[in-house]
Amino acid sequence: FGGTPSNLAISVINQVKTEVIAGVNLPMLIKLAEVRDKVSLPEAALAAQDAGRRYIRVASVELAGGAA
Numbered sequence: 013f014g015g016t017p018s019n020l021a022i023s024v025i026n027q028v029k030t031e032v033i034a035g036v037n038l039p040m041l042i043k044l045a046e047v048r049d050k051v052s053l054p055e056a057a058l059a060a061q062d063a064g065r066r067y068i069r070v071a072s073v074e075l076a077g078g079a080a
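Under the working numbering, the residue at position 4 of the sequence shown is numbered 16, and the numbers go up by one with no gaps.
Please note: incorrect hints may appear among the correct ones.
[Said to hold, decoys possible] List time: in silico EDC-like cross-link candidates among lysine to aspartate or glutamate, alpha-carbon distance up to 20 Å:
1. K50 to E31
2. K43 to D62
3. K29 to E55
4. K29 to D49
5. K50 to D62
6. K43 to E31
7. K43 to E55
[As the list claims (entries may be wrong)] So the derived label-pair ranges between C-beta atoms look like this:
8. S72 to E31: 32 to 40 Å
9. R69 to S18: 21 to 29 Å
10. G35 to E74: 28 to 36 Å
11. L75 to V28: 40 to 48 Å
12. Y67 to K29: 26 to 34 Å
13. S18 to V73: 27 to 35 Å
14. V28 to V51: 14 to 22 Å
15. A76 to S52: 38 to 46 Å
16. G15 to L41: 15 to 23 Å
17. G15 to L53: 41 to 49 Å
18. G15 to K50: 13 to 21 Å
19. R48 to N19: 18 to 26 Å
20. A71 to R48: 24 to 32 Å
None of these hints come from the bench; they were simulated from the model.
Keep in mind that this is a model prediction, so the values were computed, not measured.
A virtual CB, placed ideally from N, CA and C, is assigned to each residue, including glycine.
Build the full structure now, drawing on both the sequences and the hints.
What follows is the structure in structure tokens.
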């Protein structure tokens, strides 16, 4: 999952209401801000994961007119 921040978060995952998300990008943060008061923590984490994947683009494919 990554380095020290992830390892620290994982160490308390069963002690407090926590989800650990690795590889965060801006669309994920925006989605989390949008849904944080509307859905449960696990649902928010899954929504963020979906948003992060949806907006990842490969520049060479996009410039060639293809779909990633």
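Do the hints match the structure? See the list:
Taken as a hint, the K50 and E31 pair is honoured in the structure, with Cα atoms around 16 Å apart against an allowance of 20 Å. Restraint check for K43 and D62: satisfied, since their Cα atoms lie roughly 9 Å apart, inside the 20 Å limit. Our distance criterion of 20 Å between C-alpha atoms is met by K29 and E55, whose separation comes to about 13 Å. Restraint check for K29 and D49: satisfied, since their Cα atoms lie roughly 15 Å apart, inside the 20 Å limit.
Between K50 and D62 the alpha-carbon distance is near 16 Å, which keeps this suggested pair within the 20 Å criterion. Among the hinted pairs, K43 with E31 is consistent with the structure: their alpha-carbon atoms are about 15 Å apart, no more than 20 Å. Distance restraint check for K43 and E55: the Cα-Cα separation of roughly 11 Å lies within the 20 Å cut-off, and the hinted pair is therefore satisfied. Taking 32 to 40 Å as the suggested C-beta distance range, the pair S72 and E31 conforms, at roughly 33 Å.
R69 and S18 have their C-beta atoms about 25 Å apart, which keeps the hinted 21 to 29 Å range intact. Checked against the given bound of 28 to 36 Å, the beta carbons of G35 and E74, roughly 20 Å apart, lie outside it. Look at L75 against V28: about 45 Å separates their beta carbons, and that is inside 40 to 48 Å. Range check, Y67 to K29: about 27 Å between beta-carbon atoms, so the 26 to 34 Å window is met.
Hint check: S18 to V73, Cβ distance near 30 Å, so the stated range 27 to 35 Å holds. Roughly 19 Å separates the CB atoms of V28 and V51, a value that falls within the hinted 14 to 22 Å. At about 40 Å, the beta-carbon gap between A76 and S52 stays in the expected band of 38 to 46 Å. Distance hint check for G15 and L41: the Cβ-Cβ separation is about 19 Å, which falls inside the suggested range of 15 to 23 Å.
The beta-carbon spacing between G15 and L53, approximately 23 Å, falls outside the hinted interval of 41 to 49 Å. Checking the proposed 13 to 21 Å range against G15 and K50 shows it is violated: the Cβ atoms sit about 31 Å from each other. Checked against the given bound of 18 to 26 Å, the beta carbons of R48 and N19, roughly 24 Å apart, stay inside it. Between A71 and R48, the C-beta spacing of about 31 Å keeps the proposed range 24 to 32 Å intact.
In this structure, the hints that do not hold are numbers 10, 17, 18, in rising order.
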